[in-house]
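Chains as they are written, first to last, in my numbering: chain A, 2 to 413; chain B, -2 to 387.
To be clear, the hints were calculated from the coordinates, so they are not data collected in a lab. Since the structure is predicted, the reported quantities are computational estimates derived from the model, not experimental observations. Even for Gly, the Cβ is constructed at its ideal location relative to N, Cα and C. Worth double-checking, as some hints may not be accurate.
To be verified - Once the Cα atoms are required to be at most 25 Å apart in a straight line, the calculated DMTMM-like pairs of lysine to aspartate or glutamate come out as:
1) K165/B <-> E297/A
2) K27/A <-> D113/B
3) K407/A <-> E273/B
4) K296/B <-> E297/A
5) K119/B <-> E297/A
6) K407/A <-> E288/B
7) K308/A <-> E297/A
8) K165/B <-> D24/A
9) K308/A <-> E382/A
10) K28/A <-> D113/B
11) K119/B <-> D13/B
As the list claims (entries may be wrong) - Some chain B residues near chain A, calculated using beta-carbon distances under 8 Å:
12) N58
13) W180
14) L358
15) L359
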Amino acid sequence: MSATHPPSPVSQRPSAVNLTPLDWAKKNLFSDWFNSLLTILVGFVLINTVIGFLRWAFSTAKWSVIPTNLPLFFVGRFPANQYWRMWLLLTLIALLAGLTWGVLAQMATRLFSRSVLIGVGLAALVIVLMPLPSVEGGAPLLVRLKLLGLVALVLAAAWVGRWLGQRKSGLGNWLSLAWGLSFFVGLWLMAGGLGLPVVSTTAWGGLLLTAFMSLVSIVLSFPFGVLLALGRQSSLPVIRWLSTIYIEVVRGVPLIAILFIGLIMIPLFLPQNIRLDLVLRATLGLTLFTAAYLAETVRGGLQAIPKGQYEAASSLGLNTPLSMVLIVLPQALKISIPAIVGLFISLLQDTTLVSIVGLFDLLGISRSILANPQFIGRYAEVYLFIGLLYWGLCYAMSQGSRRLEKQLKTSH
Amino acid sequence: MTSLRSSDEKVPIWRDDRFIRLAFQVVVLVVVLVTISILLGNMNRNLQQLGRQFNFGFLKNQAGFNIGESILPYQTNDTYGWALVVGFVNTLRLIVVGFLTATAVGVVAGIASFSDNWLVHKINLLYVEIVRNTPLLLQLFVWYFVILFGLSQGAEVTRLLGLAFVSKKGLMIPWPANTPGAWIATAALVLLAIAAYFIWRWRVRVMEEAGVSGRPQLLALLATGAIALLIFCFGLGWSFPKLANGNDVVGGLRISIEYAAMLGGLTFYTGAFIAEIVRAGIQSVSRGQWEAARSLGLKSGLAMRLVVFPQALRVMIPSLSSQYMNLAKNSSLALAIGYPDIFATGQTTQNQTGRAVEVVLLWTVTYLAVNLIISLVMNQFNRAVKIQER
């Protein structure tokens, strides 16, 4: 990429100014009286908060609630003798994630940059140092080894993916297919059947349920949302009106109302003999909700496509549906990928609302742990822990989408 | 259809674009209508089997449940309809105050992201990243269970900053007394504010047209401000909460813990999003505007207030209005905390009466109406700050 520019004196950077810490502080913290006052005030509050937090974390807080309930946080009430299925699912995801990373980063000069190495080192450190319960789910040492193995698997798969990606093109399509298949394999591992013991959805919980619900609803809402977006852009008045009414009504109502509709109204709408599972109903509610927001996201992408593309498509003799599917939608969806990732992040956060309708997602299971008399009043510890989990997931995804945005920027 | 066929004899009907468009719309409409009628038919049958007819008559029945706090008078033997109205007023009380506080937090945080001060800059970044990457419901629980219950541990009363108190009964803050004198003082403050606005306009006009310094007007403004400050401090008859015989707090305004938690959570959550909008809006103003303002001799604070911010406002308002709508919708999470808003009272109503369909309809209509009003008001505001082109 970096073509050989003749080194011109104009384009050279000014030499970096090395500030001594004192100069730096004077420039960034005490540049005038107002800044100095601000620094002192903010610094005072900050130091007090940090000291208060440390005092709490090391003396008052009873952290035992976290390691004791670790399996609950991650997989809910999934039967302990079936944990190997979750490990298998994790292995599959790690393998695919590593391969995808490698294929996506095939153009990068270095696969394992400094920030990646730091991240991996931190993850390994956490895995080695975190306290684990020694009662169920195998011995702590085994769990640690398994987790380290997963990290190693991701790295190895990334290296292999990059190696393969540089030699073979069209690997992306196979990976998409593999992800699609892995969804069904994951569903089979979670629900059982076909030779595995059945696990009822009431036993699903924790991060497993959160991830499941948000993934399923974004995938299911995709076709519906795209159709709605196209409908809203349509020149056919009936279609446009129906789509607009749906999108605006759903966007005008809080998600919790939609979940209650899913909970109470869907059984009323269905014939007497059909009863839907609670997880399914909540997922359906989330899907209907997400579809409206996805439609608006995709509409943004559609509006960014210049009119010339439509005209070029129709001058090639393509009719409206074909020109949409072959010419416009691929471009519009590509533009909206970062926004869709943003939508997924907010969906992941919104999944917490299912805890109000009685499901045990990550927040729901925390509430039920806190209702246990043994752990009563341990709000701060538990909420800090799951807050960190949510934060890590969402922050990683938003950083990833920012990277993706840069990579997808192919405009001239 | 026959007219179509007779006018276009050359093109077969299944290739006629006009016919296809019409037929497609008719088919979609029929499919949607049939689906809806099947669903509604099922619902009717199910409701009949449960012995409930769809009507709103239950709103006149006695509610029989208690509402923790309300401005309007409410007793347990009032009707369901009145209980819902009380809940709706509670919702309004939450979101209107929430708009003000969230905007204040958001604007301060958004401007702080441009601060030269390293510490302020980093803390602002931390705040935005933490709030935006964790679920709102979790934040509300933290406000309710960790912060406010943590402060009011047990039956103790905690003093905050020397002026306010927290206990199980709520948050006590200083508040103007409810006396005729205080009301007169409030009216005087409003009058002074109006007067100050006109003096300011007058000052700008004489400065622009006559080119004079505007010093007498400035002095008048300062005098108004001083009088207002005096009235504010002494005329309102501030009532401070005080500890009386042990653990009772008297005086001041009592805010329930549920309301305080909801308000805190919504304020800081929406504030982080508003901060990002403010930041993006200010960044969207081209650097040339900054430089032009600086070269006119305006200091950075003045350049921000007079030149950059008014231009940024135009970019910000559409996104701001969607954040206000989000705040209004998110206020329904009060159900999880136990603040009796329209959603929570509706939930109790439908639990007691089994009138799910009617209550869901009421919720939908209420939130749609609130959002419609917000969008209308913000559109008016948008029109007011739009560039007036000649």
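Right, here's what the structure says about each hint:
For the hint pairing K165/B with E297/A, the CA-to-CA distance comes to about 44 Å; that exceeds 25 Å, so the pair is violated. Of the pairs offered as hints, the one joining K27/A and D113/B holds, with about 11 Å between alpha carbons and a cut-off of 25 Å not exceeded. Using a Cα cut-off of 25 Å, the hinted pair K407/A and E273/B holds, with the two alpha carbons roughly 20 Å apart. A threshold of 25 Å between alpha carbons decides the hint, and for K296/B with E297/A the separation of about 42 Å lies outside it, so the pair is violated.
Of the pairs offered as hints, the one joining K119/B and E297/A is violated, with about 33 Å between alpha carbons and a cut-off of 25 Å exceeded. With a C-alpha separation of about 30 Å, the suggested pair K407/A and E288/B falls outside the 25 Å cut-off, and the hint is violated. In summary, the hint linking K308/A to E297/A is supported, as the alpha carbons are separated by about 19 Å, within the 25 Å threshold. For a cut-off of 25 Å, the pair hint linking K165/B to D24/A is broken: about 49 Å separates their Cα positions.
With a C-alpha separation of about 55 Å, the suggested pair K308/A and E382/A falls outside the 25 Å cut-off, and the hint is violated. Of the supplied pair hints, the one linking K28/A and D113/B holds, its CA atoms being roughly 9 Å apart against a limit of 25 Å. Proximity of K119/B to D13/B is assessed by CA-CA distance (about 64 Å); at most 25 Å being required, the pair is judged violated. Residue-level restraint check for N58/B is violated (minimum Cβ-Cβ distance to chain A is 20 Å; threshold 8 Å).
For W180/B, the interface hint is violated, since its Cβ never comes within 8 Å of a Cβ in chain A; the closest pair sits about 36 Å apart. A cut of 8 Å between beta carbons decides the hint on L358/B: the least distance to chain A is about 10 Å, and the hint is violated. Given the 8 Å rule on beta carbons, the hint for L359/B is violated: about 10 Å separates it from the nearest Cβ of chain A.
When held up to the earlier numbered hints, the structure conflicts with 1, 4, 5, 6, 8, 9, 11, 12, 13, 14 and 15 and fits the remainder.
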